[in-house]
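Asker: Assemble chains B, C and D onto chain A, guided by the hints.
Protein chains in written order, with full-length UniProt numbering: chain A, 1 to 325; chain B, 1 to 325; chain C, 1 to 325; chain D, 1 to 325.
Be aware that one or more of the hints could be misleading.
You can't tell identical chains apart in this list, so a pair holds if it fits in one copy or across any two.
Stated by the list, open to error - Here are the computed lysine-lysine pairs in the DSSO-like style, where the Cα-Cα straight-line distance is at most 27 Å:
{"no.": "1", "residue 1": "61", "residue 2": "228"}
{"no.": "2", "residue 1": "11", "residue 2": "315"}
{"no.": "3", "residue 1": "245", "residue 2": "272"}
{"no.": "4", "residue 1": "242", "residue 2": "152"}
{"no.": "5", "residue 1": "300", "residue 2": "223"}
{"no.": "6", "residue 1": "300", "residue 2": "242"}
{"no.": "7", "residue 1": "272", "residue 2": "61"}
{"no.": "8", "residue 1": "91", "residue 2": "229"}
{"no.": "9", "residue 1": "300", "residue 2": "285"}
Keep in mind the hints are simulated off the structure, nothing from the lab.
The residues making up each chain are set out below.
Number of protein chains: 4
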Amino acid sequence: MECTQEKSEKKLLIDVDCGTDDAQAIMMAIASPNVTILGITCVGGNTDLDNVCTNVLRVLKLCDRLDIPVFRGAETAILGQNIHASYFHGKDGLGDVPDASAPGLELIQKEHAVDAMKRFASEYPGQISLVATGPLTNLALAVRMDPTFPHKLNSLYIMGGNMESRGNTTAVGEFNFLADPEAAYIVLNDYLCTTYIATWEFSCRHKLSWDWYDKWINMGTEKSDFIKKIYAHSLQYSRSEKEEKAIVDGPGFVSCDSYAMAAAIDGSIVTKVIECAVTVELSGKFTRGMMVLDLIDELKKKNKVFVINGCDMEKFVLLMESAVK
Amino acid sequence: MECTQEKSEKKLLIDVDCGTDDAQAIMMAIASPNVTILGITCVGGNTDLDNVCTNVLRVLKLCDRLDIPVFRGAETAILGQNIHASYFHGKDGLGDVPDASAPGLELIQKEHAVDAMKRFASEYPGQISLVATGPLTNLALAVRMDPTFPHKLNSLYIMGGNMESRGNTTAVGEFNFLADPEAAYIVLNDYLCTTYIATWEFSCRHKLSWDWYDKWINMGTEKSDFIKKIYAHSLQYSRSEKEEKAIVDGPGFVSCDSYAMAAAIDGSIVTKVIECAVTVELSGKFTRGMMVLDLIDELKKKNKVFVINGCDMEKFVLLMESAVK
Amino acid sequence: MECTQEKSEKKLLIDVDCGTDDAQAIMMAIASPNVTILGITCVGGNTDLDNVCTNVLRVLKLCDRLDIPVFRGAETAILGQNIHASYFHGKDGLGDVPDASAPGLELIQKEHAVDAMKRFASEYPGQISLVATGPLTNLALAVRMDPTFPHKLNSLYIMGGNMESRGNTTAVGEFNFLADPEAAYIVLNDYLCTTYIATWEFSCRHKLSWDWYDKWINMGTEKSDFIKKIYAHSLQYSRSEKEEKAIVDGPGFVSCDSYAMAAAIDGSIVTKVIECAVTVELSGKFTRGMMVLDLIDELKKKNKVFVINGCDMEKFVLLMESAVK
Amino acid sequence: MECTQEKSEKKLLIDVDCGTDDAQAIMMAIASPNVTILGITCVGGNTDLDNVCTNVLRVLKLCDRLDIPVFRGAETAILGQNIHASYFHGKDGLGDVPDASAPGLELIQKEHAVDAMKRFASEYPGQISLVATGPLTNLALAVRMDPTFPHKLNSLYIMGGNMESRGNTTAVGEFNFLADPEAAYIVLNDYLCTTYIATWEFSCRHKLSWDWYDKWINMGTEKSDFIKKIYAHSLQYSRSEKEEKAIVDGPGFVSCDSYAMAAAIDGSIVTKVIECAVTVELSGKFTRGMMVLDLIDELKKKNKVFVINGCDMEKFVLLMESAVK
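Only chain A is shown next, with the shape it has when bound in the complex (with noise of 0.2 Å):
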């Protein structure tokens, strides 16, 4: 199925676990003159929540965007507990490369992060496309403090789950969904709003070449310069015989979080999508955690999503770019 979208005035809000592919996407929001970020909402997740608080602020420092508001969510999962994912993003989740200057914590809004998505989604009905790029935990506390909030977004873009059973945490599990299983499970059934997954497996199909990659940290920019000081420590991982087993279709560069980002600032990146009701197992003992796509509506859901399946590279690698410029 192919899918499009107008390339008009788009009013983003992005949750995301600020880790490097965090930080990249949201450096590509905001180089995107047709997108408006009217917050970001941080959620414990890649690193903790303290740790994503202050990256988040390191990036629109960077890019000179300090007028976004910043707000802090859910600090664990909805049951309570926390993974983080530092073998890969660093203990600070962004490649532990401390940066003196970086932005205090005051400067997080008072405002919890939930209240903040449903005071914008109030502001602004059907008007909002949310992104998310972390556990789903302040997307399902939303929905259960306010049932009407996904009604009130215009689209819902989510990195994590995967589409055939491979997982880059567990043997199965994908690090966004099994962080927070009861969240995804939460949000897949109750975000009736058209609603767009970039999975593992696809953000692993449509990897960069890691020539392109050494081109593009080395452009000689200040933000192609903090991208490769962020991202040398998972460069080491990814580049690791284990990282590389997880790894689906062969090495190279898979900046995840971008294709979700990519996809809510222009819908024609989108090239290809299956269309279909999903699920997460909550129960499985390798199985807690995987996203299910009922293919053959054994579940009848009503509620379907696009499961996104193909991306326009050419489009994607221009976002990509103009990110660092």
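Answerer: Frame of chain A; chains B, C and D shown alone:
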């Protein structure tokens, strides 16, 4: 283990899914001279959330206490499902004896129940006894929205769960916990304040005789008339063969929610407790929602609760009687 | 419910994971004049299968009954795992007091335990009382290999499971059921013959005093000396703080397997039963292996069992005493 | 990974739940000159066990090979349940075109399938290729009855499971594994012999065109007429909208069981494999029965299997054609 608690002024916050026994528990609190009710928060459970709100207002009007603020909370369980107990409490949750002059929902506060809970806890740090007689959804959302919330409470009294795998809704599932197992799990993990739990088996073992009940509802007061009216429906059920199987330890009148409330009002009513770690099964096929007592310290959980195991019945009866005077 | 059973000649088939209390149960059967033991089948459990076989031979030699055929059955649980109880029964399952003159494994029959079970049932249709005091693996295999096997039995006596979610191995898991939950599930579903279950809680509630125990092991017979020796190890454990937490209803001597055996030998020992459908939780995180009593007929299972709930202690003590004379 | 295997004489033991594609697979084996079929063991699956036995006899009669011994195995899955696939294979498992002159069940051997499997393995240690095209119940029972059984095999070929969470029976469940998840789990853990698995997705990706199919069933031989007749029922289903959703990668004729059989007959047909540890989810709500490929070595399982991922289609077609000549 014996435990006592002084009988000084108590500040109660009451979270209900107002069916018949919640109504009674509220009346008990209102009748208690040493109690200040800060507010009543509503959650979907025995009946749907609108009915719960209406039912609370009906009880407050009956008691001439419409000054107590009532707040609307979660409509559904954390995962989004809903089970009601209309077979027992009636479709409207209060025995299907509608009151044409019931107060309208416009009397419900605009503030969300969870926001009110957070606010009260900040206004009265360390002073609030939270009494929860429905599914624990609002409490779970409160701690997820604000992890410091439980620390600001004085104590928590829960009606819910089971201690010997006796169920009243499934074979081993008690209604309140089964209605939202994830919420119960979250609360039992994350509420580190002093916590008392009045289980289904405990409530059953401290039931009152039908003789006592008949005198009680025929005291001829406006309040006893109200109880008589709203209980007529559930009584048929209570005395049915099916329910008699569910009720532990022989026939009689079991007003579940009243025990947790009584314990909150007067700690000396609790004459015996089991102090242990507890949790809730989330993934069992037959046991989902069952409370697990870890009497052999398998789970190595630091946090222990008091599972109530004995009750001063004389004092309890006095509180029950004062409620309808 | 009261139940009686005549005291005529009984044909027993005994399935054991021979630890200390299995040994005792076998001695009780051997000492009973009205009992013919057709054979003893062995299953991995308290200790590994080789030890189980050796232990049974040691008991038979002690009782001068090496004419009773002993069969080797399943080494592991249905799913392939193994848990042992060496902390209680010792590494060798009989208190780690090795006997240099123990009979060798060459005395074990060549026929597989499950084949022998099927053969005996065909030879004595409707006449056999099967007493199972270990994990139910052999019984599960027997019915899967031959679906008609259970119908050929007279009755089944099981030591295993729990009735009030009190566990001795996990928080809510009894050893025999936990050691092979799938087998317990299969047997409780597919053995439609008259079935009595002596649970952990029942056994604990009918424990014997340590005073009685001290006299019993000091009767000065060869058999009481044997019991004294093999029990020394488990005694330390029984009187430890940890085990005292697991034992329901205060300290004392709990010889679990002896109750099921006593009930098989003399039905009048059972003074009270709960007649209900039962099943076993297979998928719970905390509750895997827990027996579920369906007292509210949720599962609509036709097949009911007798969960033993009362015991004629005088008769039981007499059987215990005769076992060591 | 490429893998080859010499084309010498093969001793096959075939375990089937004889539906239409099992029938075909048996015919393929019979037609292969380098193959000796030691026996065919039956298991309940596509249809009930009596039908399975009859269907095997019908195929053997058609091929004039009633000399091959046929054995009756497990009627139900390990846990006792049964799911059939009559929507596809017809109520009788062979398209509901009964044959009045079908051989009677008295031709079935008296020996139990599992006993026969154990006996053959002892008679031909290291020489047998076991081909399993139904639920794995008999194989699971064999290893539990005799833990040394798998070590005596040369190799194992399984049709079953899925590799990319594509299901044909539930959203992510393939029929053979879903019909007995515990058996699949046991076999994948305990069969340490060389194991090849032809999954649902693999079978679908190597389907044959409907054009080829039409020529094939119209070759005018007695055998092609038989296939044409028994397949008429399933064809309607195969070409239905629902089934087309389940079939991976576009329409066509998928003869699942034939791939595992072809691989057993001629190893060079397998052109690509994924070598990895695998297991089966037993407790998931949506994913029960799903095969899990542990491509990131999460489970630290030593035992690896070969998940077939490429097929020499020319050779495969030749085998398919020879089967009906």
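Asker: A separate judgement is required for each hint: does it hold in the structure or not?
Answerer: Hints, verified against the model:
no.	hint	verdict
1	61 <-> 228	within (17 Å within a copy, 67 Å between copies)
2	11 <-> 315	within (20 Å within a copy, 57 Å between copies)
3	245 <-> 272	both (26 Å within a copy, 17 Å between copies)
4	242 <-> 152	neither (42 Å within a copy, 34 Å between copies)
5	300 <-> 223	neither (47 Å within a copy, 41 Å between copies)
6	300 <-> 242	between (38 Å within a copy, 13 Å between copies)
7	272 <-> 61	neither (36 Å within a copy, 51 Å between copies)
8	91 <-> 229	within (14 Å within a copy, 57 Å between copies)
9	300 <-> 285	both (25 Å within a copy, 15 Å between copies)
Comparing the model with each earlier hint shows violations of hints 4, 5, 7; every other hint is respected.
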